[in-house]
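Undergrad: Sequence:
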Amino acid sequence: MPGLTRSRLGWTRPEDWERTEQKPSRSWAGQEWPDGIFRLPVVAVPSDLLVAVPAAPSDLPVALWGLPVTSPPRGVPTAALAAAQVTSEDQEVPEHKPVELRCAAFRSSSGSARIEWKFQRGSSLALIYYGGELTEPYRDRVQFSPTSIRFGSVTREDSGKYICEVVGDGSHIAKSEVNLIVQVPPGKPLAQGVPGLASPGAPLPVSLSHVSTPPTFRWYKDGTELPQDPKSSPAFRNSSYSLDPRTGELVFEPVGGWDTGDYHCEASNNVGSPQKSDVFRMEASEVNVGGIVAAVVLLLLVLGLAAFGVWFAHRRGYFSKKTDAGGKKVIYSQPSQRSEGEFKQTSSFLV
1 MPGLTRSRLG
11 WTRPEDWERT
21 EQKPSRSWAG
31 QEWPDGIFRL
41 PVVAVPSDLL
51 VAVPAAPSDL
61 PVALWGLPVT
71 SPPRGVPTAA
81 LAAAQVTSED
91 QEVPEHKPVE
101 LRCAAFRSSS
111 GSARIEWKFQ
121 RGSSLALIYY
131 GGELTEPYRD
141 RVQFSPTSIR
151 FGSVTREDSG
161 KYICEVVGDG
171 SHIAKSEVNL
181 IVQVPPGKPL
191 AQGVPGLASP
201 GAPLPVSLSH
211 VSTPPTFRWY
221 KDGTELPQDP
231 KSSPAFRNSS
241 YSLDPRTGEL
251 VFEPVGGWDT
261 GDYHCEASNN
271 VGSPQKSDVF
281 RMEASEVNVG
291 GIVAAVVLLL
301 LVLGLAAFGV
311 WFAHRRGYFS
321 KKTDAGGKKV
331 IYSQPSQRSE
341 GEFKQTSSFL
351 V
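Read left to right, the sequence shown gives residues 1 to 351 (UniProt numbering).
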């Protein structure tokens, strides 16, 4: 068409463009001209406003993000889609309660827009709404509308990121994300006590089933809460331990006789009532380190003296084999054949 120029937004007239030396941020840039880069006068709008395209006459079709619309007179809003940006928000809901997740990327209905909902948890990604219908796992649980999806009841497995994408003619338009946190009350904690005599540095661990809302742990001895710093309380000033309220681990180092007592832990978060573990008894006794060292040294001395006595007796020959005279060995040699006239005693005694 004479006098018209093809741009990303449709057919516009060159005289409706203005010259700029630098491409602005968040604006719709046009094609390059020999003397610079041109853009439409109305370029950047907040995400909550509607876009007006004043360049084209009312009888010419324009395309906004690939969606065919008819441009009305100047200053009249035409588009109902959010700006092409990603929005994110957190949403918390108690378990087994309904929840509605809003698609912030879509302001109102648009005939050519395609909406997709996805669920992301960790590295896995699942489709919720695709191709104009709900997928099988969500068909009986979710209600769809162009601006939101609604769960009749959520479980802890529904915690994760929900992504709404608005697409037009294969081009990405906008995306919004909702991070859903399903609040789950803590279960009964399992405190693992040390049977019999507690050893120094032995931890008292706590195990708890998975909850999306992390709990805080407290420990109690004989019904009295243990402070995180034992030196801050006169009742526990003689104790020496470390307590982690996030994991519930309690470690005594060293353990003393005053640590003997009945213990239990308690888990709580902002959902439901606190849960207590079973009470168990921990027996601890004083350890006489000096007495143990003295006993070990004494034992080593006794063993050393015994070894020296054995060595000394061996050097003196007290362990040599002795035989008396009656036990001497006698060796007889056979007499040699001589004449009868000669006689010599040829037997000899060898000891």
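Everything labelled a hint here was simulated from the structure, so no lab data went into it.
Incorrect hints may have been included.
As the list claims (entries may be wrong) - For each label pair, taking beta carbons as the anchor points, the in silico distance ranges come out as:
#: 1; residue 1: Leu305; residue 2: Thr224; range: 41 to 47 Å
#: 2; residue 1: Ala295; residue 2: Thr224; range: 47 to 53 Å
#: 3; residue 1: Thr224; residue 2: Asp90; range: 43 to 49 Å
#: 4; residue 1: Thr224; residue 2: Ser148; range: 46 to 52 Å
#: 5; residue 1: Ser148; residue 2: Glu225; range: 29 to 35 Å
#: 6; residue 1: Glu249; residue 2: Asn179; range: 38 to 44 Å
#: 7; residue 1: Ala295; residue 2: Lys231; range: 29 to 35 Å
Where a beta carbon is used, it is the ideal one built from N, C-alpha and C, also for glycine.
Undergrad: Each hint should be assessed against the structure and marked as holding or not.
TA: Hint check results:
no. : hint                        : result
1   : Leu305 / Thr224: 41 to 47 Å : 53 Å, violated
2   : Ala295 / Thr224: 47 to 53 Å : 37 Å, violated
3   : Thr224 / Asp90: 43 to 49 Å  : 38 Å, violated
4   : Thr224 / Ser148: 46 to 52 Å : 50 Å, holds
5   : Ser148 / Glu225: 29 to 35 Å : 45 Å, violated
6   : Glu249 / Asn179: 38 to 44 Å : 29 Å, violated
7   : Ala295 / Lys231: 29 to 35 Å : 33 Å, holds
Going through the hint list in order, the structure does not satisfy hints 1, 2, 3, 5, 6.
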